[in-house]
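Novice: Listed below are the residues making up each chain.
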Amino acid sequence: MDAVGIIFANTYDADLNELTQKRTLAAVPFAGRYRLIDFTLSNMVNSGIRNIGLITKGNYQSLLGHVRTGAEWDLDRKNSGLTILPPFSTMAGESIYDNRLEALASNFSFLRRAREKYVLMCDSSYVGNVDLKEYFDFHVQSEAVLTGLYSDQVMNNQKGVKGTTAMVDSDGRITEMEITKESPEGSKILINTWLIDRERLMEIIEQAIRDNKRSLRRDVIIPAVEKQKIMAFRTDSRILALDNLQSYLASNLDLLDKDVRADILGTGKGRPILTKTRDSAPTRYGHESKTSNSLIADGCVIEGDVKNSVIFRGVRIKKGAVVENSVIMQDSTVGEYVNLNYAILDKNVIIQDGRMLSGYITHPFFCQRNSVI
Amino acid sequence: MDAVGIIFANTYDADLNELTQKRTLAAVPFAGRYRLIDFTLSNMVNSGIRNIGLITKGNYQSLLGHVRTGAEWDLDRKNSGLTILPPFSTMAGESIYDNRLEALASNFSFLRRAREKYVLMCDSSYVGNVDLKEYFDFHVQSEAVLTGLYSDQVMNNQKGVKGTTAMVDSDGRITEMEITKESPEGSKILINTWLIDRERLMEIIEQAIRDNKRSLRRDVIIPAVEKQKIMAFRTDSRILALDNLQSYLASNLDLLDKDVRADILGTGKGRPILTKTRDSAPTRYGHESKTSNSLIADGCVIEGDVKNSVIFRGVRIKKGAVVENSVIMQDSTVGEYVNLNYAILDKNVIIQDGRMLSGYITHPFFCQRNSVI
Amino acid sequence: MERMSKKTCIAMLLAGGQGSRLAPLTNKIAKPAVPFGSKYRIIDFSLSNCVNSDIDTVGVLTQYQPLQLNDYLARGQSWDLNLNFGGLHILPPYQAKKGGDWFKGTANAIYQNIGFIERYDPEYVLILSGDHIYKMDYSVMLEEHIKNNADCTIAVIDVPEEEASRFGIMSTDESGRIVEFEEKPEHPKSTQASMGVYIFSTDKLKKYLIEDEHTEGSENDFGKNVIPAMLRDGQRMFSYLYKGYWRDVGTLDSFWAANMDVLGDVPELFLNDPGWKISYHHSFSRPQYLGPASSISNSVVGDSCVIDGKSVDSVIFSNVVIEEGACVRDCVVMNGAVIRKGAFVEYAIIDNDAVIEANASVGGPKENSALTVIAGGITVGRDAVVCPGTIVEEDI
Amino acid sequence: MERMSKKTCIAMLLAGGQGSRLAPLTNKIAKPAVPFGSKYRIIDFSLSNCVNSDIDTVGVLTQYQPLQLNDYLARGQSWDLNLNFGGLHILPPYQAKKGGDWFKGTANAIYQNIGFIERYDPEYVLILSGDHIYKMDYSVMLEEHIKNNADCTIAVIDVPEEEASRFGIMSTDESGRIVEFEEKPEHPKSTQASMGVYIFSTDKLKKYLIEDEHTEGSENDFGKNVIPAMLRDGQRMFSYLYKGYWRDVGTLDSFWAANMDVLGDVPELFLNDPGWKISYHHSFSRPQYLGPASSISNSVVGDSCVIDGKSVDSVIFSNVVIEEGACVRDCVVMNGAVIRKGAFVEYAIIDNDAVIEANASVGGPKENSALTVIAGGITVGRDAVVCPGTIVEEDI
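Protein chains in written order, with the working numbering: chain A, 45 to 417; chain B, 45 to 417; chain C, 69 to 464; chain D, 69 to 464.
Please keep in mind that the hints were generated in silico from the structure rather than gathered at the bench. Quick caveat, the model's predicted, so the values are computed rather than measured. Please note that a few of the clues may not be correct.
Computed cross-link-like contacts, PhoX-like style, restricted to lysine-lysine with a CA-CA straight-line distance of at most 25 Å [to be verified]:
id, chain 1, residue 1, chain 2, residue 2
1, C, K96, A, K320
2, A, K122, D, K311
3, C, K345, A, K362
4, B, K362, D, K311
5, C, K96, C, K215
6, D, K203, D, K75
7, C, K292, B, K122
8, B, K122, A, K122
9, C, K172, B, K161
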C-alpha cells in the first residue's frame, strides 16, 4: 500500500480527561492489554503500511514506553518504520500545536522526506479493526481529493461530544460536513481518518499557513466539500467510540460479546492487533475463584469472583472480592471482600479490604492511577 | 559498574552556535563519522553502564535519528538500556528547562525508578575516551559526596568561554571551585562530569526545588565545596575541548596526530567508540587524486587533493579540487578546481566549481548545512 | 573483531538431546523446546537463569529437530540476548574442510565449538543442559569457583538416598573438594547428585576436551569421560550445593508433576517472582475469555484461551478451548488443544492441538490410575473412551 | 502462529557450498561469506536483491563452515530482515526422529526444509545460490512468472558462444517457453545460460522435490534432476532473460576480476547506487587514515585502514596497513592484511590477515604473469620473493 501513515496521538475531540491527565490519548489502556494506539498501528501494518509518523504533543513518556522501537509491529526498520514526531521539530517553530494543521506543519519535513504517493492520517479516539486496503483502493479508484472513513456500526458514541458528521450520497461523495455535538438525521459519523495525495497535502499545509488558517477540518476540508471531490468510504467493521468515561466503559464491556470481540480483536481475519509484550506469568486462579463472561489478561492472580468485567495484566483480585461490570487496569489490587460494580480502576490502584465501590453504567466510578482507597 | 548514566544533550557553556542551530550539541558531527554523543555513550557502555537517560531540550530530531534504539551500543534492552528524556515529562511541569537542575527535576521519575546506587552525570561538550571504571572506583573508595573529573591534557580550550575550574589538593579534594572564563593559575578544568549517590542526588534536587535554586554548579556544588568532601579524579586520557568553532576545527585536526588518534578513538584499548552505521560503499579514489595526512570516512569519492583534513561520509571531492586544513561534513560536494583552506563545511553543502574559500586557523570559514556556494 | 576486550564467563547450553523418554511430546521438537507451565518452554529457565546471573553470552548447541527451537530462540531478544558483542548464538553441527560430524557426545559438542568459545576469550565456561526446570543464580556458583581457585565446579543437589543410584554421585572432602565421582553407582557413597551444571576454567576445559577427543573409545561425554579424567589427574574439582527448586522433566510423569508445581496458593514454582523473572518468546495472543458457564479452580490459564467449561487443579496452556459442560481435572492441557462439550479428561497430558471430541472420556482419577497422554494433533472421537495409562498416538 | 496470513513469495538461499575452486579463500569459511569489494561479502548481493525486490522472508541453507556466516548474518538486521513474521532464518542440517542427513544436493537441501516453506504458505518460492555478484530485481522476474502462468521460471544470461558449454543451456520457443535444457552441453544449441536463479510455483516445487527424493539414483540436484524431470512432464517452464551486471566468482581469477569492476570513474559494478543499495553487516571500524607519504590512484579503500604507501588500480578491504614505501598494484588486499615498508605486490590476492614483510616482492605484472595468491594469515618474510602465479599457503 503506497501510503505513509500519520497518527495523531492526542485528542482534539474526546472528553476522556480522567484517563488522559498523565498520558496522551493514544496511550490509554483498552481491552485488557492494549493501548488505543495498538489498533491504529496494527491496522496500518496489517494493510502493508511500512512508514508511520506518530505526532505527539505532551505527556508522551508512557506512549514512548509502549511503542518503543516499534519492534512488536515489525516497524524497527533501518530506514522508515516508525518515527516519533515530538513537538518543536521544524517549521512552525516554538509553539506547541493545538490542532492537526499546526501539528502537520511542524512535521512538514517528515512529509517531504516520505516517498509514498499517499498519506493516511488517523486519530486515536476510535477503536476498530479495519481493512484499510479496501479503503485505499476506493480512494485511488474514485480519484477523490480526500477520502474519509465511516462505519454504520459506530458503537457507544455519546451525544454532546464534538465529532465530525457528513451527508454522503449514494456514490460515496460527501455533500455536507460539519463539526457538531449532535449528529443530524441521516448523517454519517466520520472517524477522523483521511486519505490524500502527499504532494497535495503539502500544498494545502503551505497554503493554510500562509492564509493563517488553523483547523484542518474547519478551515480546509469543510470549505472544500462544495467545490471538490471529497469522498467517504464505508467500512464493514464495527467502530467503538471512546467519547467519555461512560462510552469507554461500554466499549470495553462490548468486547465480552463474541461477535464484537471477533470483529475488533480480529479473530481469524489475518489482521491481528499487536501490542507490547510483557514477561507476565500465566494467570492463576485460586481454589474458590468464580468467573463469568469476562476478558482476563495474563499475569493476574484471581482468587475472588469476576463477572462481566475486563481485567488487565498483573491484576490481583483477592479472596471473597466480587468484581462486576468493571474495568480493572494493569497491576491494580482488589482486596479481600471488596465489592466493585461499574467501576474503572486506572493502573496501580489499591482497593483495601472490605471496601464497596459502585457506580452506574451511565456514571462509572473512577479511581485515578496509583490511588489507594 | 553500579551507576545509572545521565547525559545532558544540550550545551550550557560552549559557544558553538554555528553548529547547534539545527541540532543539539550532542548531535554535532565530529572526526569523520561520529557525533559528540558517541563518545559519552561509548565511554559509559565500555565501562559497564547499562542504564542511561539522555536528557534533551529542543532540536533533538537529529539526535533521535542518530541514537535511535541504542542498538549500536547494545542499549536496545527490554528494560533499562537507553531512555530518551524529552522535555515536559513530569515534576517541573510545563517549563522548558534551561539549566541542569531543572532538567534533572523534570526527569525525577527516571532517577527514582533506577535501581543503581550511583549516578554518573555527563555533558556533551568534551570529547575523550575515558576509563570511567577507574573514576568510579576512586569515587567509591574516597567516600566523597561528589566526584568531578579532570585531565591535565585538555586540548584546544579557549579563553573567554565559560567553564568550571577547581583547585585540587594532593589527595584529590576540591578546595575551591568557580565558573569562569579564565582558568586561574594552578587550577584544573573540570569537564562537567559528576559521580554522586543516587539517593543523595534526589534529596539535593528536592531541596533545591524547595529553596528555589536554579543552577547545579552555582547554587549547589560550589557552596558545598567548603563544607563537604567534594573530590576530583584525574584521568590520563586526553580531552578535546569544543568551546567554539576555532576549537572545533583544531580538535578535529588534532586527530591527524597518531597518538591523539589512538587515545581518542581508542585503538587497541578495548574501548571502541561506537556510532550509528550507514550502508556506505567503500571510499573510491580517482586516477589523479592526491592524499596526505587525512582522516577519511567511508562512502566518499575523492578525485582531487586532500591534505591535513577530516572528511566525513559520502563526501565528493571532484577533479582538481584542493582541500587543506578543513573539515568537510557528511554528503557535501566540493566541485572541480575548488580551493578550500581552513574551512568547515556542515552537512550537505555544495561548493560549485572553481570557488576559492579560505579562512584562517583562528577564524575558520564556515558554511551552513544545505548551503550552496 | 575489535570490540569489548573479552567476557568473564560465557555459557554453552546443550540443547541437542532428543528427549526420547518424553515422547510423544518430543516427536517433532527438541526437548528444550517442549512447552511448559502454560507460557514457557523448558529452555526458558536455563536462559533466564543466565541473564539473571549476568551472563550475556550463550551458545546453544542444537542438533535434533531444531526448526521450532531456532524459531523460538529467534534473535535472542526475548531474553535481552540480542547483543552485538555476545548474546545468544545457535551452534548447529557443520561440515569443515575435512568433512562434517554430528555431535557425538556432550563433550564432543563443546569440542566442535571451541572456536566459538575462543572468540570471547572467557576465563570461565558454564556448561548447561537446558532440560531442567530450576531457578539458579550461576553467579554465586561462579564466585565459589573463583574463591576455590577451582579447575571445575559441579553443581549438585541433595537427593533421597534411594534415588541416588540414578545420578552421577559426588563424594567430597570437608572443603567441598570432590574426591570421587561415580556415574549411576549401585551403592552410592553420598546423596550429592550432579545437576549437569559445570563451570570450567577455560584453559583446563580446552585441554581436557582436546585430550578426550584423541582418546580411543571415549564416548566424549562430560560425566563418563571428561570429569573422571580430570579427577584422575588430580585437578581441583569442587562441588557446589544448590538448595533451590530443581526438577528433572525427563519423563512424562516428572513433566506432569513439575507442571503441577505452578499451582496452589503458594506455588512451589513461583512464576511471578519479580526478582527472578523467567522470560519467554511471545507469540501472538489475546486476553483469555471466560464464558458464563466457566468454572475454574486452582488452575493456571494461558493467553487466548476460550473457556466455558470446568478446570480443576490443571495447567492450561495458550489457545486452549474448553467448551461448556466439558471438564478437565489434574491435567496439563497444551497449546491449542480443544476439549469439546461434555468431554471429561482426568489426570492426563493433552499435547498441542489435540482435540477431545464431545462426551469423550479420557483418563481416570489420579489416586488410582496411571497418567494418560494424548499426542499432538490427535483427535479423540465423540463418545470415545481412553483408558487410564494409555499413550494415544493415533486418532481414535 | 496466527499472524499475517501468508507471504506471496519467499526465497531459499543455498549457502552450503564449499567453493573449493576458490581455495584458499574458502579454507575456513563458506563461499557466500567470502569478503568482496572492500566492504561486502558475496552473500550481501543476493540478500540485498531480495530486500530491494520486496521479498522479506529468506531461508539461508548452511552446511559448510557456518560459524562465520552465521555470525555475519546474525539476526538479519543488517538487511532489515529481523521480522517477527518472516525475515532471515538460518536453516542448518538437523536430525529428526528417524535420524539425520547432511544436505545431499541442492534439491535435497530444499526438500529437507519443506516445513519451513509451508509455514509461510507462499504461492511462489525463489531459489537462489548466494555465490554470484549481481544486482537483480526478482520482482520483475516474478511478474513474468505470474503473467506466463508458469510452473517454473529460470533466469538466464546471454553468454559468449565459446563459453556456453560451461553452463546449463536453455532452448526456448518464441514465447520464451523452455523446450530443452542441457547441463554443460558439448554442442550448445543456444547461448542462454542458467544463472541458478529459479522461481517455482510452490505446489509444483513440492511435488517434484518429493518425487525426486524417491527417485533411485538421483543426485538431488535442481539442474541435473528436478528441472529435466519437470521438462519431461511438460510443465510450463519459462526462461527470463536478465541483462544487468552478473559475475560468477567461482574461481580465483573471476573473483579477482569481479573485484576490479568496482574501480574506475564509472565503475561497471556501481556500489553507490541509491536506488539499489547493497546492505552489509557492519563490524567495528574507524575512518581510514592516509599518511603524508600516501599515494592512491584508481583504488577503493575500506574502513580503519592506515595507508602511508602506494596503491594503484587496487581494491583495499578494511583494516589494511600499507606502510611508507610499500606499493600494491592490480591487487585485491583483503581485511587486516599488512604490507610492510618497501614491499612490492603486483597482480595478487592477499587474503585476510596475511603479512607481507619489508622489501618482499610478490607477483608480477598483470600483462604477462598469472595471478598470485597469498592465503589468509600467511607471512611472506623480509626480502622474500614470491613468483607470479604461486598460491602461497605456508609462511615463507
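Novice: The structure should be examined with respect to each hint, and the outcome stated for every one.
Specialist: Results for each hint:
1. C:K96 with A:K320: violated, 30 Å
2. A:K122 with D:K311: violated, 30 Å
3. C:K345 with A:K362: Roughly 23 Å separates the two Cα atoms, so the pair holds.
4. B:K362 with D:K311: Measuring from Cα to Cα gives roughly 31 Å; hence the hint is violated.
5. C:K96 with C:K215: Answer violated: K96 (chain C) to K215 (chain C) is near 43 Å, above 25 Å.
6. D:K203 with D:K75: holds, 23 Å
7. C:K292 with B:K122: It is violated: about 40 Å lies between the C-alpha atoms, which goes past 25 Å.
8. B:K122 with A:K122: Answer holds: K122 (chain B) to K122 (chain A) is near 19 Å, not above 25 Å.
9. C:K172 with B:K161: violated, 48 Å
Of the numbered hints given earlier, the model fails hints 1, 2, 4, 5, 7 and 9; all others are met.
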